Amino acid sequence: MTPYEPGGDSVAVPTERRRRRHWLLLTVPYVWCIAAIGLVDRVPYVFGRVPFLLVWMVLGVLVGTAAIGIVFWIDRRRGDLDRL
Amino acid sequence: MTYVVALVLSVGSIVAGAVLAARGRRMDIAEWSVGGRRFGSVLFWFLMVGETFTTFALLGASQGVYVDGAPGYYVLGTVVLTASLGYWIAPRIWRAGRDQGLLTEGDYFARRFDAPWLGLVLALFGIAALLLYARVQLTGLALILQTLLGSALSGTWYVVVAGALVVAFIFTGGMRSAAFGAVVKDIALVVVLLVIALTAAGAAGVHGWYGIFDAVAAKHPAAATLPGITGAADRSVWWWGSFLLLSPLGAFVLPHAFQVYFTAKDARTIRRNQVVQPLYSLFYVFIIVIALAALLADPGLGGPDANGSLLVFVRTHSPDWLVGLLAGAGILVALVPTAVLMLTCGSLFSRNVYRVVRKDASDARQMRVGRIAVVVVTALAVGFTLLQAETLVNVMVAVYDTVTQLAPALVLSLVWRRTTAAGVLAGLLTGIVCLVVPPVTDALTALVPAGTVAGLPALVLNTVVAVVVSRATRAPSPDAVAVGMPPVDPPAARQDVGHGR
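So the protein sequences, as listed, match chains A and B.
1 is the number of the first residue of the first sequence in the numbering used here; add one for each residue after it.
85 is the number of the first residue of the second sequence in the numbering used here; add one for each residue after it.
Worth flagging that the hints you see were computed from the coordinates, not collected in a lab.
Keep in mind it's a predicted model, so treat the numbers as computed, not measured.
Treat the hints with caution; some may be incorrect.
Claimed, not checked - Lysine to aspartate or glutamate pairs mimicking EDC-like chemistry, simulated, CA-CA at most 20 angstroms apart: (1) B:Lys349 with A:Asp82; (2) B:Lys303 with B:Asp485; (3) B:Lys349 with A:Asp75.
To be verified - Short derived list, chain B residues pointing at chain A, Cβ under 10 angstroms: (4) Leu169; (5) Trp172; (6) Arg176; (7) Leu208; (8) Pro305; (9) Tyr368.
Beta carbons: idealized from backbone N, C-alpha and C, even for Gly.
Please take these sequences and the hints and turn them into a complete structure.
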């Protein structure tokens, strides 16, 4: 038993074909790192002279990781991690 | 000093990796090609990171920032975008591998479309692309060592020795050696770059990272936004978007990606990895800072020399031991990915070329053929690196550029039952024509906003053709379809998951 298994069996046996709307969060990196760039690119600097695009992309890695992490966390709670 | 540090780090970890991997395991073709499908989260993470960050991270990424400024910041997006797509696609690839006993990308396409010939065609296509990829790595390695260690040895020798090391590395231990080597490589790379990034401001004669940004802003006011320092029209927002859309798709269809995903022990290992892998890409911040510092301290490196801007900067402004560490990490950064590329070529040849001719080849025989193939393809890769055979190289560049055009084949095979071998091949050929026949490429790029990478409209056309031709041809058998699209998860497997293994 791995430490990542959910505790109770009642939670762990998922209903077939349950909708996974939270997977929409997987689009967050695409919106952040691609769709938003047209607007982001209009601001050259933040905090004085730090390039805003650079700061934005670093935040993109963090926000994107958080988004994928939330999807993972919800899937784990539902026992859906091995569901395709 | 420089030499000793570089040698101990690189050769030490390669020998240790090979010995550890070969110890106490019965080697068969699955153990050798995909590590017996037993890698847990830690080893799988190191292997994935090891494959993602190649010499490109040291050379190409820094060159992009050094030459263009802002356009080079795109590298930060590549891994997180790939990971979010991978959360959906990678477990599907892995599942097909486990259920069908697949070892290569060629195996997947051959089985999914009931067409060994398609596996053969794609295996040859894949080997050509990987040979070029290996050439890029070996050329990068020669540049790293010549810049950091000086030209006591010629580039030729570095490349030949590198080829021999690659073979020694994976001949016995296969994928497991590469994974062990990746552990040292991934740690060494990030530590070395952290140290260099922290000392970069001093070397550039300013105070702290803010000093670097401040000085770059004063000297190159255009560096902070697209299209960057050179002001090239093709570095537009459209370039940024289309490039970043294409690169995750390309990441899944390179043949070694399949093989790396097959090493995971279960789907949750892969999904967990998609969460943590992007964090490693934050180390691109170090590369970007170093590249900006190099732009201040050693300006004026143009053309191909800009590839070595980070190296020149480190060589000029860092103590010997640090130069040695970077050289050692650089050797691993080139050799670990190259080893996996060559292993993939060996498996592709053995499974999808040799087995088409000799259908009854036993496991032991496939393994032997695979090992011989590794020696041969590595010799070829070394040969291509040394020979300045431009025509041949141009052909391979074209192949490599067009590999992304396999993406519709992969995605359609996972979501649409009617996809056929003829359909995906027709789509692939359409995509290739769009990219390698200049008048067609020009016509295509005229239709989209300036800067858009031609691969993106080509991909759209490719998909349309694949769908139309698939509709017109006979669907594969239900068994074949099930390779990519298993019938709704069988209840037995689900309960198994619920109760924990």
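key: Evaluation of the interface hint that places B:Trp172 against chain A, nearest CB under 10 angstroms   = Interface hint status for B:Trp172: holds (7 angstroms vs cutoff 10 angstroms).
Hint consistency between B:Lys303 and B:Asp485 [alpha-carbon to alpha-carbon, up to 20 angstroms] = violated, 35 angstroms
Pair hint B:Lys349 and A:Asp82, alpha-carbon separation not exceeding 20 angstroms = holds, 11 angstroms
Hint consistency between B:Lys349 and A:Asp75 [alpha-carbon to alpha-carbon, up to 20 angstroms] = Holds: B:Lys349 and A:Asp75 sit about 18 angstroms apart, inside 20 angstroms.
key: Hint status (Cβ of B:Leu208 to nearest Cβ of chain A, threshold 10 angstroms)   = Hint violated; B:Leu208 Cβ to chain A Cβ min 30 angstroms, cut 10 angstroms.
ask   = Taking 10 angstroms as the limit, does the beta-carbon of B:Arg176 come near enough to a beta-carbon in chain A?
value = holds, 6 angstroms
key: Evaluation of the interface hint that places B:Leu169 against chain A, nearest CB under 10 angstroms   = Since the shortest Cβ distance to chain A is 8 angstroms, the answer is holds.
Hint status (Cβ of B:Pro305 to nearest Cβ of chain A, threshold 10 angstroms) = holds, 8 angstroms
message = Interface hint check: B:Tyr368, Cβ to nearest Cβ on chain A, cutoff 10 angstroms. Holds or violated?
response = Since chain A brings a Cβ to about 9 angstroms from B:Tyr368, closer than 10 angstroms, the hint holds.
Hint violations for this structure: numbers 2 and 7, all remaining hints satisfied.
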